[in-house]
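Q: Dock chain B against chain A, hints included.
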Amino acid sequence: MSNTYEQLTTFYVDGNMFGIEVLNVQEVAGSPLVFSVPLAPSFVRGLVNLRGQIATAIGLRELFDKSSKDIESRMSVICKIDGNLVSLIVDSIGEVVEVEESRFETVPDTIPQQVRRFIKGVYKMNGAFLSVLDLEALASELSPSTEADSGRNN
Amino acid sequence: MSFSKEDLDEFKAEALDLLEIAEKSLLALDSGAEFKTAFDSIFRGFHNLKGAAGIMDMEQLQAHTHELENILMGFKGDTSISKKYINLFLQGIDAAKVLLDGGEVQFDYSMPQPVILNTPNTSKDNNVILDSTTVDDPLEVKDEKILEQKDVSPETMGDFFVECEEIIERVSKHLQSIESGESTKDHLDGLYRDVHSLKGAAYLFSYKNLGDLAHIMESSLERVRSGTHSTSPSLLNGLFKCLEMIEKLLLAEKNGTTNETIENAIPRISKAMTKIENQLPSLDQPSSSEEVSVLDVEQENTQKLEQEQEQEQKSKQVNQLVPKFEETIQKNDPAKPHAANEIKNDDSTSSIRVPVALLDSLMALMGEMVLVRNQVLQFSNKSEDAEFISMSKRLNVVTSEIQAGMMKTRMQPIGNVLGKFTRVIRDLSQDLGKKINLSLTGTETELDKSLLEAIKDPLTHLVRNSCDHGIESPNVRKAAGKSEIGTVSIKAYHEGGQVVIDIQDDGKGLHREVILNKAIEKGVINKVDATKLSEKQIFNLIFAPGFSTAAKITNVSGRGVGMDVVRTNIERIGGTVDLSSVAGQGTLIKIKIPLTLAIVPALTVKCRGGTFAIPQVNLEELVRVDQSMTQNKIEFMHGTPVFRLRGSILPLVDLNVVLDIEHEVNYKDGIVNIAVLNAEQSSFGLIIDQIQDTVDIVVKPLNRLLKSLLAYSGATILGDGSVAFILDVIGISKLAHLKHEKIKTVAKLTPHAYHTNEAQDYLLIKVASPTRHALVLGYVHRLEEFKVKDIEYSGSQRVVRYGNTILPLISVNKGLGYSSTQQNQEIVPTVVIRRADHLYGLEVDAILDTLSSEADLNYSHINNPAIFGNLNTTDELIVVIDPFELIESVFPQRLGSQESLHSGNSMDRNEFVMNAAIDQKKPDISARILLAEDTIFFRKAIKDVLQNMGHEVVAASDGQEAIDLLNQAEKPFDLIVSDIEMPRVNGFQLANAVRNHPKYSSMPMMAVSSKAGLSFMKECKKAGFNIYMEKLRPNMLENAVNDLLSKEKSAV
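Here the protein sequences come in this chain order: A and B. To convert, take the position in the first sequence, counting from 1, and add 991; that gives this note's numbering. To convert, take the position in the second sequence, counting from 1, and add 740; that gives this note's numbering.
Same shape as in the complex, but just chain A:
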């Protein structure tokens, strides 16, 4: 067995390329109507009515502590994380790429913590880096273990 390949759905947040394993992505959609949740941390943009199902909209810009400047058309990547529908709000959608697992590397320590904790690793692409989003880390962020550490960090 030489090389195994992985297919990733890519998207961009603040100029950086990110990816999610294609099998974890349910669909890609435009920017749906978001109903904001008062009291929730700022990265929870709100709830979305996804054809009768309710999805939590997570703003990746806000999650990564990036300036949330107004981008006219945001896109959303809808995944099922831990049984909950999550709509990840990103700047734009890229292609589905096939990557060689051998080109996978861990995240450099110098990447800001707020980004690093949600990234599994990095693929070196031609002229770019593709950071693979860690859905499990995101899931644990959405399911705080105790009520105590669920403080409002906005």
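Just to be clear, a hint being listed does not mean it is correct.
What the hints assert, rightly or not - Stretch by stretch, here's where chain B covers chain A in the computed footprint (C-beta under 8 Å, at least three residues): (1) 1017-1029; (2) 1033-1042.
Stated by the list, open to error - In the DSSO-like style, the derived pairs of lysine-lysine whose C-alpha atoms are separated by at most 30 Å in a straight line are: (3) K1440/B <-> K1071/A; (4) K1447/B <-> K1071/A; (5) K1222/B <-> K1330/B; (6) K1148/B <-> K752/B; (7) K988/B <-> K913/B; (8) K925/B <-> K913/B; (9) K824/B <-> K1175/B; (10) K837/B <-> K776/B; (11) K1160/B <-> K837/B; (12) K1332/B <-> K1262/B; (13) K1447/B <-> K1057/A; (14) K1680/B <-> K1711/B; (15) K1071/A <-> K745/B; (16) K1071/A <-> K1189/B; (17) K1447/B <-> K1111/A.
Think of the hints as simulated: they come from the structure by calculation, not from any bench. The structure presented is a predicted model; accordingly, all values stated were derived computationally and were not measured. For glycine and all other residues, C-beta sits at the position ideal for the given N, C-alpha and C.
A: Here is chain B on its own, set in the frame of chain A:
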């Protein structure tokens, strides 16, 4: 043999059912139920479980139930089972449950063994009866043949037929598989077991022929199964035919008839089958299972040619036999199969088993459908297409019906849970050495399955608590004069869209001091707060975390974690727990739970943060406050908004503030909406921007991150497709820092509050004075607003036309000597007062509100007769006006004033006062006065006046009470002062009674009433009153009383 998870689950469910049936019957037997029925049902429970366990390869369970069955058999023909054995069986059932879950059990069957009839089978080896290759059937058959057919209930027979049909179906499947070459060991084993079970069941219900046929089948299979021989087509044919006959017999039996032709043929069939069996192709090397089965097939193929002829011959024999039977059956009675078919149809349609997962998914779809329905309805509201509108209405109706039907599929009778308590109570009463009787009512009340699961534990806890802490031991009960046997009664019923479960015991009840001390000791509450609590609040302390009143911790309850968990669990499913208790008489715990969780009625509201839904269960009422009014608006206490709702202070929470959307709110002008919500025994008002609609919402769960915000319990999609959050009322109150304890001290608002607290209702009015004024609400006939241009003059008197009469207007400002400031208003708010058949309008500046106050009236410092007194509330001073005095100051002639009835002469008021004033002297005797007055306010006021004069006053709340007091009085009364209008016995009746009483016929009586008029006064006189007084002018009352008393004295 391997079983799928579904098979195992189904088996488990069925096994639990069987055990439950056995348990129920045991308990019934214990409490004296008819022996035979109960015994049969216990036996069937064990026996069927044994069979089922055998099929499922659960040998331990099979052995265990077999043992139990054997022990039970010892009681066959008895009339009772001793308690010891009932305990043994109950433990046996518990052990079986453990085994069922895959646990290990060391069960001690070593009770003094009853006489066991089937000695050969009592040894432990029996546990593998079904798997054993050397089953000694006839013996076992005899044991099982214990039931007389006629003693069995129709339901049981129905079960039996259904089971037989199931077995027959399985057997025919096995046969088909074997025939098609899948002659694996699994199929053979399955076939053998099923046939064996069929035989057992048939003999058990005394169907000898069925049993015999099954027995023939079983024995013919013996050799094949033992691995020494392989199957042959003739054997299979024979088996098929036997099966067919069994089916026919069964149909006949079901129809209540017998089929003699088949019965007579049985011995011949038996012979034929034995022949076939003996000619089975034998295997040279009998070896272990798998190989045999493979060999079977091959062997069969190779031997086929050789044996073809012979086999054909044999099978012909059977084949020839059977059609003959069939023909005869049909000739004999053509109606029979037909009738049987009908019965079968009835059985098959009555109920089916459906996996819960399927129901759940249907339920979820139902939820979606409700949402779509809501959307369509909302859309159709905008549409003008009549056809579409009528279609959407139809859709609405149908959806509602489907929803109701769907809900029903998940409903289960609460008896499923309550029934278990029979056992719980029985065990507990033994453990605790108490005698406890359980009474269950409303067990058929239905509840959503998931809710039923959720209340099981809390209910168990409450029942255990009642037994442990509530019911006293027999000697204590005896000493207290109660029956030795305590009763715990559980009652379930529907009330207002909710299910109410009452758990009541007739035990020692709760003692408030004990609870208070314990609560203070445990730090649940501090001493200062403790003094402020009402009895109800004290009782509710036992739901506080870390509270336990048990003097010592028993293994039953008293761990101090229970009751708060009970409450948490019940509140989690949207229910409430309420507790009331009478010391020495018992405790009543009331649980209210919603019918279902999936779809809840809710009120949608708006604030700046979006749309929110408040579940109707939490909603008490909606209040609309006009902030531009001067009174009855939101006030601030230490910067916190509060609202006075019917006299109680309601803490307010602004949704915008709680949700961090706004930080400061001032409710300047305009309308403010308040939703009064209940949270943990207390109420608070939620200020919202906009009230929208009440809708049925489908609750969608939130992820934990959002749940941990406390504010929301879920989300839902509204008709317009938008997402709304369901507010968690308790969470909101926590967020708003309404601390648990703090809320508790705020009395829960109940509509009865002002009755129980003996408060008086007032109408608050604004006049040209900085102080608010009030009228006793009971005097107010109507509230009106007249237009200034409608006011006319009759002479110098301002009047308005009011219905058919002329209503004279009296300015309160003028009457009280205030200078009226508001001259230019167009509307004149007027309080209409009825007096002596005439109506009068009191002009005021504004009508503000009603007030319920317990505050005392202060009569001092009053120099104006039109002012009755001052009401000293906690917040302000309120002037209470006497409207009659006010009216009289303007219309002195028109009113009859008070008249001395016993003199018969009407007196001018002033003259009377003058006379009275001259007469006035301190009473040299302290009179004993009986006061009958139903209005709390006047009872208090008159009593105060009389007491200030130095008299002793005994007050009664109506005429009847007054009569009772008169009859019971140790000391005689000197005077009766009575109202006229009273419930039960009115003033006239009281006067009559007094006058007709030999002892009191000459007792002076004074009528006090707000009614006036000559005819009324005459009636008073006729009834026997000496004097008539209008309510209520303290100084005149004083004079009149003195007058009467002195006259009485001088008369003596």
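Q: Against each hint, give a clear statement of whether it holds in the structure.
A: Each hint, compared with the structure:
| no. | hint | verdict |
| --- | --- | --- |
| 1 | 1017-1029 | holds (count 5) |
| 2 | 1033-1042 | holds (count 5) |
| 3 | K1440/B <-> K1071/A | holds, 16 Å |
| 4 | K1447/B <-> K1071/A | holds, 18 Å |
| 5 | K1222/B <-> K1330/B | holds, 24 Å |
| 6 | K1148/B <-> K752/B | holds, 24 Å |
| 7 | K988/B <-> K913/B | holds, 18 Å |
| 8 | K925/B <-> K913/B | holds, 14 Å |
| 9 | K824/B <-> K1175/B | holds, 17 Å |
| 10 | K837/B <-> K776/B | holds, 25 Å |
| 11 | K1160/B <-> K837/B | holds, 14 Å |
| 12 | K1332/B <-> K1262/B | holds, 29 Å |
| 13 | K1447/B <-> K1057/A | holds, 26 Å |
| 14 | K1680/B <-> K1711/B | holds, 22 Å |
| 15 | K1071/A <-> K745/B | holds, 27 Å |
| 16 | K1071/A <-> K1189/B | holds, 28 Å |
| 17 | K1447/B <-> K1111/A | holds, 27 Å |
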